[in-house]
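Colleague: Below, each chain spelled out in residue letters.
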Amino acid sequence: MDFNAEYATGLIRGLHAVGVLSLFGIFVFRVTVACPLLPKAPSPALDKLEARLLLLSWFSLVLAVLTEFGWLGDEAVSMSGLPPLAALSPKILGKVLLQTVYGEAWLARLGFDVLLALLLFARGRFPGWQRGIDGAGVALSGATLVALAFVSHAASLDAGERVVMVAVQAVHLLGAGGWLGALLPLFFLLQAVEGGPKYRGPALDGMACQRFSSLGIVCVSAIAASALANSILFVGGVAGLFGTLYGILVLVKLTLFLGLIGFAAWNRFHWTPRLFLPQRKNRGVAAAGLRRSIVMETCLGILVLLVAGLLGSTPPAVHSQPWWPFSFRLSSAALELPAVYNEVLIAGIGAVIGVFVTVGGVLSRRYRLVLGAVGVLVTAFFVSTPLQLLSVTAYPTSFYHSPTRFTVHSVAEGGQLFGENCTACHGPDGKGDGPRAKSLAVPPADLTAEHVRDHPDGDLFWWITAGTDNGVMPPFAGVIGEKGRWELVDFVHAWNGAALLATPPEKGEEEKAILAPDFRFDCPDGTQRALREPAADKVVALIFTGEPDERLAEMMAEVELAERLAEVKAIPVLGLEPGDPQAASLRQRYCVADSRDLAAAYALYTPSPRDSSGLRGQVFLIDRDGWLRDRREFKREAMKALQTRIKAITAKRLPPPTGGGHVHGH
Amino acid sequence: MMKPRSKFLVAFAACGLFAQGASAHAFLDHASPAVGSSLPKPPAVIRIWFTQELEPAFSTIEVTDQAGKRVDADDVKVDGADRTQLYETLKPLPPGTYKVSWRVVSVDTHATQGTFSFDIGP
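Chains as they are written, first to last, in the numbering used here: chain P, 24 to 689; chain F, 4 to 125.
Okay, chain F solo, but in the shape it has when bound (with noise of 0.2 Å):
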């Protein structure tokens, strides 16, 4: 059996994990290459749409591989007809895995961060 001690700091460790995620604005909504995905040829463009319309001056996506070193362009723009769209040309990538991290500021000013990777394999 459990006690309610144990129960309670159970509930209250829960708490403090939630925590970080609650006070996030804009989400990531879905990305191209999809999140943890294998592809078989690399792309020349990484996408990620969020949740709401996002600060182009505040808004960047770095790409990296095993090694730490960025293999982006370091153009990444927010798309003129969707603003929850952010968009970075990549440089011809070899086989392996890849880490993105995105940092974005939503229209109502609320900055958030995270990341995800891929894999490119032959």
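Only chain P is shown next, with the shape it has when bound in the complex (with noise of 0.2 Å):
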């Protein structure tokens, strides 16, 4: 769908929300306010009152149906995929109203407004009932907010979260009717008891306001702890918040909330008191100025409301890939140096104590400018070294997520596209030695060098695409495509992950977690498995064998018999080439492994990255965490070796690496 689409599919949505939180906001208005204040006696202003929330729920209603059906006509159209006309035929609006989530939340929600329709018609009938009526119409008019939480970006998720997200969805948009839904029927109480000297008495008004207020504290409440809830699922972080459609959406949203928030106060602790001044007069211009801040109050909760409908249909920040803005980010990876540490430990401090100087400046009647003043430039201050020192040089695509999942598919493509377009500059072993590097003012980047780790998959997908800030590294985006330059940086990472495992740590040295391209595995209980997924709950074994037949069985008995003497925790998997004429009856007995790109990847291990027949007789363990270990020969000698090993790696679990780069692959 193109984007005047979905902007047109968020009006329609804002719209909708508009007539249905106005809905709710009337009736919980009657039940709230206007009923327990207002004499029962019919008076002119009352009936004035009164025939202006009927006109006002009639048209609320009427907007929320029109644009009901112009939301499933819309959705028709891009469920379908199929040009208007066709879309709007029986048969697709059929498909959509009967076989689909979204049909089910949109025919429940007609059937609640016409409940709703045959209530208000009764309202005008029947005043004994009013009451009761008033009561059932905050029930119906609160199922439809809660039928509309279901077609929400909350119905997405995994079955677990759908339950609680949906429901903070309906808080939230329970919260918002109560809340501006209330605004305008405040504002026809208020005009309605102006000019009625005999309602004019106990300051009925200030009264409405003061009621108001409470169900107004309790609804923003509610909006703001299902807000937060909502952005940490589907804002995600700093990244999203600031490099998507969606981020940039909450943020407008957000700063014209807290502008409804400004006026709301406004309306609270400047013209509300005033409502209750003796003199007649001041009371009237009181009434008059409130009546102005509720109508624009009003205009900017409409505002909010056709927001919140963009964000409906703009795919939610974590779905996305964030353009970064910022030509910095904030690493935690210098932490690791004990100076730094230190300093900013320190920092940390000297911030708290501004801070505590701030508090006592604004206490203290005597010093408040003086301390105010000291205890604001001590924060700043310390709060800016920890942020310079922490800060690193960030790119648009810093925050992009790999879509490739470093997949030994992935490698192995990338691998290719290594050998064909970087070599000549970063050399065939990658170690910035290509027969170019000479002539080039700066030299390329040695790419097994151990902080290329450090760097996020975003970091190096930026250098690739668009080339390097000195302009020594050309862009690449018009030579390789999108997925190539994804691989390329998954190959970069398997290559450097190499050069680490072929360096074992010294004494003392933490063993470094190193990711292990993942792939997928049958076991003859008919199961598929990637090494990923599910994670498992074993060492995973994967062994490359060029053993004859007899003499492997005998050797993976002995892996097989240590694992169920369950001392030793490993899932055994038969690496083989493709073609291995044993294949057919290895897959009987053995969880199996077998593709080009497998032993491509693999072989990047070995002594021979590029010949996979360097994987005969090599196990490589993997452990819990998707970490690849160790890799050694397979042979029989060896077994009690292995076994140990393997032992070993079960019991000590690495943390993943600080530098916020190559931790996960998906």
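I should point out that these hints are in silico values taken from the structure, not numbers from a laboratory.
What you are looking at is a predicted structure, and each value in this text was computed from that prediction instead of being measured.
Quick reminder that beta carbons are idealized off the backbone N, C-alpha and C, glycines included.
Treat the hints with caution; some may be incorrect.
[To be verified] Sample of chain F residues with no beta-carbon within 12 Å of chain P, all distances over it, derived:
no., residue
1, ALA37
2, ALA47
3, PRO97
4, PRO98
5, ARG106
[To be verified] Derived lysine to any residue pairs resembling SDA-like cross-links, with alpha carbons at most 25 Å apart:
no., chain 1, residue 1, chain 2, residue 2
6, P, LYS535, P, VAL465
7, F, LYS44, P, ASP545
8, F, LYS44, P, CYS546
9, P, LYS670, P, ARG543
10, P, LYS276, P, SER316
11, F, LYS80, P, GLN551
12, P, LYS506, F, PHE30
13, F, LYS44, P, PRO680
14, P, LYS561, P, ALA468
15, P, LYS114, F, LYS44
16, F, LYS44, P, ASP548
[As the list claims (entries may be wrong)] Examples of chain F residues toward chain P, derived with CB under 7 Å:
no., residue
17, GLN55
18, LEU57
19, GLU58
20, ALA60
21, PHE61
22, ALA70
23, VAL108
24, SER109
25, ASP111
26, THR118
Each chain sits in its own coordinate frame; assemble them with the hints.
Modeller: This is how it looks when you write it as structure tokens:
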């Protein structure tokens, strides 16, 4: 769907929200504010209020129903992918209505709307039943809001999360309706009681506003809490907030929401107390000011709902690639250096002291200005230090998630592309010593250096896409497709990991976490699994063997025997090269992984990285977290040592690398 | 040296390239036969797993041979137990390259589509 269509969908959703929230707000207002306050006896002023509320209710209901039909048509077009005239056929509309979750929620809402219309019809005709009708109105219009929650982004979550988030969404909508929807009714009430001398007595308008404030506080708390839960789940983080359309819309909505809170506070603390002033003239000024303010608050509220509608039809930030707008980002990698750690710690203590001084200044009357200013300066100074120390250069794609997921396929494809495009400068071994390296102003990067793994995928992707800042490395965006560039990133990480695996940690040094390229394997019981999905509860021993059948059977028996003794937890997986004549018989007995990509990717971790025959007789040990922990020869004499190593790997898990670099492949 | 202006253009072009991927909702998670794989024997069924639950009424898979002829049985279904999984039976396939085109609607109503291929070799 193109952007304009999304935009139209968003507006329809927003207008629909205006209608249903308004209807709910009117009923809530009747039950919580109007009904307890207003005398039951008829009077011209109250008749006027009643007439206006009823008109507003009808208007809201008609808006809700019209936009509901518009939205249905829009969904029929987008779901079917057909041109509008074909999509609006009875067959497609029937499919949408009867066979989709959206359709079920739509029919439920239409049913509620019909009942609401009956209620509104009855309300004007049976004055004695009004309380019951208003209660039913709150329940029914509330139910339409809950049904609306079922077609929000929350509907797309996994079953467990979905229940919680649909409820959160419903709370959000009910809060918004109870507050924003009740604004215009409050306006009408103020207008109605104004000139009516009979009801001016005990500052009826002031009491209405106080009741409304209590309602507002409950609603705003519900809105804020549910919005926070929504943001955590759908925005995800800073990158999503600043780097995606969804995030920007959230920021806009938040700003408008703060504006609404500002109006609400002004109405509550400035105007409302003035409605109780003794002089009639002053009360009049306050009432007029309050009404103006409520109208502006309502307009702002409608704007918020339109933005909310756009959010509903925009992919959540967590599903989008965030285009990072700043030239730096914060990284905790530098904290590994003791000097930086200490400095940040000291700055943190300094900042806390600064905050205390500021608070002290605010509380003290005498030294407020001096202490306040000193406190703010001290805080700013100490906050800026860690910001500088921990900020690193960032690029627009720094926070992109790799779509290729570091599989044997992406690594093998990336290796191919590397050979074709990169070796001239980076060299066949990626050490930065290619034939053209000498002629360059700045030597090409040594891709086997350990610091490479500290860079996020998105940084490497940017350099390949747009070239390096110094202009030495050219952009490859026009040469290699997007997927290919991600595969190159995966290959560079694999190549870098292979260099790291080949240099065992020195004494006292921690073992490094190296991500193993993901692959799928089939087991004799018919199950198919991937290395990282679902996460294994045992070490995976990936064995490439060139042994003849019988000897292999003996060795595998030893591996399995050890496993059955429950001392060594490992899943033996036979890695086979394609076309292995034994493949069919082996598949019946062992878990097997075989593909050209598997051989090409895992050969990188052997002394002969470009020759997959070097895999023969090798075993790779991959732990429960997907880290490649060991490669060694798979030979009969060394079975004990292999078992000991598997045991050690099971016993000690590794922490992920801290650089925000190559942490996970999905 | 790359001029700032051309760098901006690259960035802009890149932005356009990614915008399409970013508007998707239900992504292909994995497939059997796998994306880009080579199989020794023809599969009887094609299965695709997505990142979100699907609407069966509007989710389709079309498998075509090199001549563009459909080779699936047009009986696509969403798995009853796992609503993220779509499957379809295939006719007996001779060796060759096959193109898989899918179009799905996720339960939050967003439509996405894509293609991939697999080989069957002797």
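Colleague: Taking the hints in turn, state whether each one holds.
Modeller: How the hints compare with the structure:
no., hint, verdict
1, ALA37, "violated (7 Å)"
2, ALA47, "holds (14 Å)"
3, PRO97, "holds (20 Å)"
4, PRO98, "holds (15 Å)"
5, ARG106, "violated (6 Å)"
6, P:LYS535 <-> P:VAL465, "violated (30 Å)"
7, F:LYS44 <-> P:ASP545, "holds (15 Å)"
8, F:LYS44 <-> P:CYS546, "holds (18 Å)"
9, P:LYS670 <-> P:ARG543, "holds (24 Å)"
10, P:LYS276 <-> P:SER316, "holds (20 Å)"
11, F:LYS80 <-> P:GLN551, "holds (20 Å)"
12, P:LYS506 <-> F:PHE30, "holds (15 Å)"
13, F:LYS44 <-> P:PRO680, "violated (41 Å)"
14, P:LYS561 <-> P:ALA468, "violated (37 Å)"
15, P:LYS114 <-> F:LYS44, "violated (40 Å)"
16, F:LYS44 <-> P:ASP548, "holds (20 Å)"
17, GLN55, "holds (5 Å)"
18, LEU57, "violated (10 Å)"
19, GLU58, "holds (5 Å)"
20, ALA60, "holds (4 Å)"
21, PHE61, "holds (5 Å)"
22, ALA70, "violated (24 Å)"
23, VAL108, "holds (5 Å)"
24, SER109, "holds (5 Å)"
25, ASP111, "holds (4 Å)"
26, THR118, "violated (13 Å)"
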